[in-house]
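A.B. asks: Sequence:
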Amino acid sequence: MSLASSIRTIAAWEMNRSMTTMGRSVLPLAAGLLVLLMLVTAFAAQSGVHMQDGMYRIGIDDPEIARIVAPDSRFTPYLDNGAALWENRFAYDVVVLNGEVYAADTDKGRAALKTLERDYDGYVSYVAAGEPDLFAAYPLWIDLQYVKSEIDFLATQSGQQVGAPADTGRPPAPPGPVETVTPPASAMPISEDVLREHLADTGSGHPIERYTGVISGDSAMEQFRTPSELSPPLPFDAIILVFVFIFPLYFTSQFFMMSVMNERVGRAGEALLSTPVRPAAIVVGKALPYFTIMLLIAVAITLFAGAPMTILLPLLPVILFFLANALIIGMASRSFKELSFVSIFFSTLATSYLFFPTVFANTHVISIISPLTLVVLDIQGDGFTAMEYVYSTVLFFATSIILFYVGIANFREERLFSQKPLASRLADFVSGGISRDHPHLSLFLIAGFTIPFVFMAQMLTLVLFFNIPMPLSLVLLTVSAAFIEEFAKSIGLYAVARERPGFLTPKNLLLGAVAIGFGFLAGEKLLLFATLAQITESIFGSVLFLSLQVLWMPLLLHIAGVLVTGGFLLLWGRQGYGPGLIAACMVHSLYNLYFLMGALL
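full-length UniProt numbering puts the sequence shown at residues 1 to 601.
FYI, nobody ran anything at the bench for these hints, they're computed from the structure.
Some hints here could point you the wrong way.
[To be verified] Now the in silico label distances, taken between C-beta atoms and shown as ranges:
| no. | residue 1 | residue 2 | range |
| --- | --- | --- | --- |
| 1 | Pro469 | Met15 | 49 to 55 Å |
| 2 | Leu464 | Ala84 | 50 to 56 Å |
| 3 | Tyr594 | Leu273 | 15 to 21 Å |
From a predicted model like this one, the values you see are computed outputs, not experimental measurements.
The beta carbon of each residue, even a glycine, is placed where N, CA and C say it ideally should be.
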């Protein structure tokens with residue numbers, strides 16, 4: 001049977017088994033939860049979320065003013081005469097007497113005052129929309145034309161000034177010739193009725209409405225604003241829509257994870273392993289139905305939302321990443337309880353890595369590390385280049401391929417049905433890739449294969465520490481980057497020492513350290529210079545990849561770090577791995593801090 005035929009047979013078997021075995025227990029529950037979610041969402045969209053109802057107490061002496069705040073459920077209005085209101089003014093957050101507003105000198109009082117201001121602005125807009133001469137009330141309408149920022153975030157490293165001078169004492173003058181700009185046409189490209197409708201709706205629409213118009217929303221009216229409505233263009237609306245894509249994709253990958261776990265717990269995988277089918281065909285065949293379903297879900301949501309189909313390109317590596325991690329988690333967990341814990345932990349990290357950088361879309365180069373940033377840019381109409389696509393997705397493609405390879409290499413009976421703890425099973429997965437005939441070559445390759453995971457973990461720390469003030473953020477990045485690298489370099493040596501205790505001799509330790517050092521350096525250079533040049537040129541990227549300036553120095557650093565950790569393993573066995581890792585991290589951190597201080601000084 002050919003590989004393609006085997007994959008097709010396994011895929012069909014997986015679909016039938018999922019619909020029967022899981023269909024009787026999991027699928028009805030999942031369908032019920034999905035229906036319940038849709039009903040709750042529809043109810044919330046219809047009636048709103050009432051967590052803020054009756055939040056503020058407001059005393060009013062004029063029924064006409066009371067009508068302004070009556071539609072706002074956050075206010076509980078009390079209508080009384082002026083003397084009674086003034087006497088009991090401390091019982092209210094806001095008091096309105098004779099047209100004057102008095103707010104309590106508390107945080108709640110100030111928040112109530114701000115809410116009242118917004119309600120009044122909405123009331124004014126509603127009244128102005130009904131005036132015969134609309135442009136007498138609103139003579140200025142601003143036509144927004146967004147231009148992508150071209151600020152050079154690398155300029156500050158070389159001492160260049162990005163912003164305007166602090167105080168020159170005279171107004172700035174253009175440095176070059178002044179070009180004539182053609183003024184826009186005086187006529188509004190939209191009708192006055194549309195403007196009136198927009199003013200009448202200002203401040204009164206349901207919050208969900210602003211998310212539904214990001215892609216297919218109001219066309220022309222979206223670019224016209226009154227001066228009071230101007231606000232910075234932030235991608236939060238698009239991020240909400242991106243979440244609509246990611247949640248069902250991750251949810252579907254859980255079925256693949258549970259399928260692998262079910263076969264291990266129920267020992268059903270033994271029959272599958274006994275068939276004359278290669279592990280590669282089994283893994284690919286089992287993952288193919290879920291990959292197809294996830295891709296169809298993404299296509300359906302894209303068509304329903306009216307988004308460009310090009311957003312499927314950055315979603316593709318995310319789908320592969322979810323499936324690859326679901327395979328490893330399903331193979332490594334001993335029970336459904338452990339699987340739940342590990343999957344929740346993974347979802348937290350993955351969500352942080354995917355969503356946090358998108359907040360800085362169009363603002364900082366750090367946002368490009370997430371493929372979802374490309375989705376946001378495409379939804380906003382800016383699009384993305386081929387190089388940006390490579391920057392954002394190469395780590396996801398690389399880690400997915402490596403994880404699938406690890407899963408295929410370990411998809412055998414002694415790995416699948418072992419009851420060892422999670423850490424021991426992961427170490428077994430690594431040791432399974434170490435050849436007995438060529439262990440040093442295997443250590444070289446393993447060190448190189450860890451580079452995508454190292455970069456991804458370091459990028460996650462970069463996102464987490466990005467907003468912490470300097471120099472604390474640089475110190476945290478330095479220490480965390482050193483720990484991640486030393487852990488990645490030592491994992492292969494620890495796995496082989498655990499699998500074959502007699503292997504770790506002084507000679508093999510030295511040869512292994514040299515192999516790991518060369519493998520780690522080769523992987524760094526290959527992936528770094530091929531894909532991550534933009535990020536590494538920033539000040540934060542230089543902290544993570546500081547050791548790559550001169551080849552022989554990082555090579556010695558990598559070898560020294562492995563020797564330190566391996567020396568502890570050689571002297572004290574597996575109990576010395578933790579102290580050795582800490583010692584290697586300290587050496588690496590001191591190296592980075594030395595060069596970092598020299599670069600900053």
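A.B. asks: Enumerate the violated hints, using their earlier numbering and listing them in ascending order.
C.D. replies: Per hint list: single violation, 3.
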